[in-house]
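**Q** Chain order of the listed sequences is A and B.
Here the first sequence stands for residues 1 to 110, numbered as in the working numbering.
Here the second sequence stands for residues 1 to 114, numbered as in the working numbering.
Rather than coming from a laboratory, the hints here were simulated on the basis of the structure.
Model, not experiment: these values are computed from the prediction.
Relax, there's no trap hidden among the hints.
Residues from chain A that keep clear of chain B, each with C-beta distances beyond 12 Å, as calculated:
no.	residue
1	Leu-11
2	Ser-12
3	Tyr-22
4	Ser-64
5	Val-80
6	Leu-83
With the Cβ distance kept under 7 Å, some of the chain A side facing chain B (calculated, not the full set):
no.	residue
7	Tyr-33
8	Leu-43
9	Ser-45
10	Val-48
11	Asp-96
12	Lys-97
13	Ile-98
14	Gly-101
15	Lys-102
16	Gly-103
We put the beta carbon where it would ideally sit given N, CA and C, even for glycine.
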Amino acid sequence: ELKVEQNPLFLSMQEGKNYTIYCNYSTTSDRLYWYRQDPGKSLESLFVLLSNGAVKQEGRLMASLDTKARLSTLHITAAVHDLSATYFCAGRDRDDKIIFGKGTRLHILP
Amino acid sequence: IAGITQAPTSQILAAGRRMTLRCTQDMRHNAMYWYRQDLGLGLRLIHYSNTAGTTGKGEVPDGYSVSRANTDDFPLTLASAVPSQTSVYFCASSDSAGGITEAFFGQGTRLTVV
Numbered sequence: 001e002l003k004v005e006q007n008p009l010f011l012s013m014q015e016g017k018n019y020t021i022y023c024n025y026s027t028t029s030d031r032l033y034w035y036r037q038d039p040g041k042s043l044e045s046l047f048v049l050l051s052n053g054a055v056k057q058e059g060r061l062m063a064s065l066d067t068k069a070r071l072s073t074l075h076i077t078a079a080v081h082d083l084s085a086t087y088f089c090a091g092r093d094r095d096d097k098i099i100f101g102k103g104t105r106l107h108i109l110p
Numbered sequence: 001i002a003g004i005t006q007a008p009t010s011q012i013l014a015a016g017r018r019m020t021l022r023c024t025q026d027m028r029h030n031a032m033y034w035y036r037q038d039l040g041l042g043l044r045l046i047h048y049s050n051t052a053g054t055t056g057k058g059e060v061p062d063g064y065s066v067s068r069a070n071t072d073d074f075p076l077t078l079a080s081a082v083p084s085q086t087s088v089y090f091c092a093s094s095d096s097a098g099g100i101t102e103a104f105f106g107q108g109t110r111l112t113v114v
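Using the sequences and the hints, build the whole thing.
**A** See below:
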């Protein structure tokens, strides 16, 4: 059964700094997803990673996937306050269930 | 295009009562999901359906039931609500046969069982 673990679960950082959120998963997953959630809101899709070595970038966010290590990362470059949110990674298992990690609550200090 | 619509937006429910949360999508996605979100626990899958007529259990199915009579609708029923079912519930859908396949989410239903 697919398990997804994120770390850290909470991150407070200064504007302008770089940081990485890690997402480990336990079994084979043919898709890895990253989502963003603002307080009181629904989830918004950020990235879909389909294959080993996949890298996608949008603004200050970059996601990558290493299927051999069963690891995905979400890297934040020169953080700005607007990136404060909760970030989730999720994997799809062989039964097509989409399983989420517990989320990383990111707080960026001005 | 509405995407995914959930109803109600919020509800206060007496323990022991029956409640159905509604979810409708207009994207013709084959797969649909119900999650509950609790602080510190992330999103946990309750039930899912890969196609109309089929359903499956997720991580936390006890106390919940679903049906998938057609492609568009995926209601979630609490037969006899208990306070531990107080949560925010999200419905989602995806085109699992397509190349991208991420899930798209409804706006959520905030349920309080008292």
